[in-house]
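Take the given structure of chain A and dock chain B to it, following the hints.
If you read the sequences in order, they're chains A and B.
Per the working numbering: the first sequence = residues 7 to 510.
Per the working numbering: the second sequence = residues 237 to 398.
If you're looking for bench data, these hints aren't it; they were derived computationally from the structure.
From a predicted model like this one, the values you see are computed outputs, not experimental measurements.
Ideal Cβ positions, reconstructed from N, Cα and C, are used throughout, including at glycine.
Just so you know, not all the hints are guaranteed correct.
[Unchecked claim] Simulated DEER-style distance windows between Cβ atoms:
no., chain 1, residue 1, chain 2, residue 2, range
1, A, 480, B, 336, 46 to 56 Å
2, A, 298, B, 253, 53 to 63 Å
3, A, 28, B, 269, 48 to 58 Å
4, B, 274, A, 190, 16 to 26 Å
5, B, 333, A, 467, 19 to 29 Å
6, A, 468, B, 238, 41 to 51 Å
7, A, 477, B, 253, 31 to 41 Å
8, A, 108, B, 380, 41 to 51 Å
9, A, 396, B, 382, 27 to 37 Å
10, B, 287, A, 146, 20 to 30 Å
11, A, 384, B, 361, 30 to 40 Å
12, A, 148, B, 394, 48 to 58 Å
[As the list claims (entries may be wrong)] Listed below are several chain A residues computed to face chain B (Cβ distance under 8 Å; list not exhaustive):
no., residue
13, 173
14, 183
15, 185
16, 196
17, 198
18, 230
19, 232
20, 403
21, 423
22, 434
23, 437
Residues per chain are reported as follows:
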Amino acid sequence: MLEGVLIGLETAFSIQNLLMVVGGCLIGTFIGMLPGLGPMSIIAIMIPVAISLGDPAAALILLAGVYYGAIFGGSTSSILLNAPGVAGTVATSFDGYPMARQGKAGKALTIAAIASFCGGTIGAILLMIFAPMLSSVALLFHSAEYFALMVVGLSAIAAFAGTGQVAKAIMMTVLGLIMATVGEGALFNMPRFTMGLMDLQSGFAFITLAMAMFALPEALFLVLDPARSKSGSSGDIKDLRITREEAKAMAPVVGRQSLQGFFIGVLPGAGATIASFLGYAVERNIAPKEEQEQFGKGSVKGLAAPETANNAACTGSFVPLLTLGIPGSGTTAILLGALIALNVSPGPRLMVDDPQIFWAVIISMYIGNLILLILNLPLIPYIAKVLALPRNFLIPFILFFTLMGAYIGQNNATELLILVGFGLCATVLRFADYPLAPLLIGFILGGMLEDNFSRSMQLYDGVSFIWERPMTLGLLMIALLLVVLPSYRARRAKARQSGVADGD
Amino acid sequence: MALDRWIALVLLGICLVYGYAAWFTMDGGLAPFMRRNPIWPSTFPKVLSIIAIMSALVILLGLEKGQAEDAKPTITWTEFRSYKLAQAALLLGLMVAYALLLRPAGFIASTMGFLILGSAVLGERRWITMVIVSGLATGVVWYLVQVVLGIFMRPLPAFMGV
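Okay, chain B solo, but in the shape it has when bound:
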């Protein structure tokens, strides 16, 4: 089964859960006076869930002809393995780490760390250039966000005050 149909299966699951919530559980807490309304909070989601489940089934069962054979396959397994998956995964990990560290470690430390480690993951080894570039960028962005846009960003780690 091709990747797009696997995805359709996952989406079908999501839509079924959504549809279940819309059709069966959502209206439980509805106030009596709202029940006399022609439209309920669940009306639109109910319609959506039907369309979504139908289109997920169409993709899953391959009912829509015309593509499959002649169109290019979405992606082949060999092609996929030649991709730099480790690098991409590491960068995503760095982004998660950045999200978790931004508040506790402060903007300057986490941003410089992210930029330096990010280019290191991609194979850059000119450490001095990396430190200078990331330091400059961090400073400029902090200035823009804090001073020009006026959005508070804690620059230093939490234990150092501010």
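Okay, chain A solo, but in the shape it has when bound:
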């Protein structure tokens, strides 16, 4: 591990990569602060830039920097305007905004920054410990297990979608898988489902799809509902210092939530959003009676909990990405797409084949967290000015950047029409509460899933690998349970409500 850390330090401390971390964090903070724009859109917009860097380590460092920058920026707008830019920071506004209303905006920002820093740093340490362990286990996997593991990942995402949403999440995942089968596959050398169109010969472009699923609907929602992009001046931000008592109150919360947030982040499908809400709820429940009443009215603990948890979860979500090559969230799915575009296949081999990428990313997480703390905190009063940016200029620019991103990726004007078409479909799907992240995850995993499935079919001359390999069978059983349990539980809860006795 020490050797790895040294390689990581060497790579991460090159001038170019340091610039990437700083630039990524700043861009992420800037855009993450804009209400209504989440980390996924920002990362989707940044991908063409990252890919054209040509260096996978630099690209991943840049995108990761943008990711936690965006989460940090999102908490700033939650605190100052009660307008979370990111779902993962909604819980931050519960206590952050009341604090800002009491004139303690500076203090709230400091608490958020310190909590984020601790969450991110502890998360990075845990990542350093667990990722190599997991990836050494994963090296034993066969393509059959890989296939099963991806099925588990995809079903977990559906299972965490919440009650009543499981079927929709499965539908979206399968739709993503279906879209991945369009075009010429590597295994068969024949075009599938192209409907005779030359433009579909190479399949749908991942960047176009990412833009259409996330950036475009968010921009359109800002147009449709002006109340979403409420902008305004943030007022004066002063007095950034916190007292010793506040630091003491924060410390245990930060410790607990870093661990909890990290492990929630590792689970596929449960990302920063769930971690932050759960962190808030847990801390409120275990707080003493008198402090419990403070929650929601500007409690230090109530602000520190979701901030720590969401940053730790962001780091945690890198574990399945880097060790198994399976993204657990929309954001890591986009990162995976970028890596594949750069000819790197994340997975257990990553640590063996490209240790510099693996370790540089982890080291850059420390640097990124440090930069967010020391660079952004003093700059926050100035960066917050971006909140006053007029939407009349902002929205056309967001749309333009999505167009440019799709165009640069493919150099093809037809791609822009596909982008607009899919963007429109995605907006309609959002209206009906269909989750969009599973679609993109399905799309990205589709190719690998089919390859591994086909390889096992060929090796075992049929589907017998499912029952001949116990690990595959076990994983597939877990996947089935994950999908069936939530709807079964909901059904039983429903039955109990209406007074019907339980079957068991």
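Then chain B, alone, in the frame of chain A:
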């Protein structure tokens, strides 16, 4: 019927077409030697089409309980009508126009036009600011794409050469 079920109906249609292609038409042109393979190009799509059709039916028939009544409705009609639909539609139209004009009209003209008209659609009327902002942005992006990233973008309209 709520919007999500209408969408499920549309998706069901798409999946049926996909499934039909996978089960019945796709294997027609398969080379004889490939038929002895345990896996065909259509195997995976066949599996997918079954899962997709099943989940579309579950949504369509409302078999998955637990949401419907207590969860918030996806969107109400009155809420929908209060949205600025015309603006959104115009912006989408502008994006289509941009896609069609980017090659023939050149990057500079189409981008400036898109940015200016885009903010005009949203109600901005400070024309001079709009021209300056969009001009600057266009220049910077063109420089970044052409010079830094090295991707060719025709700056001027087609009839002016380049």
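For each hint given before, does the structure comply? Return the numbers of the non-compliant ones in rising order. Hints 5 and 15 not satisfied by this model.
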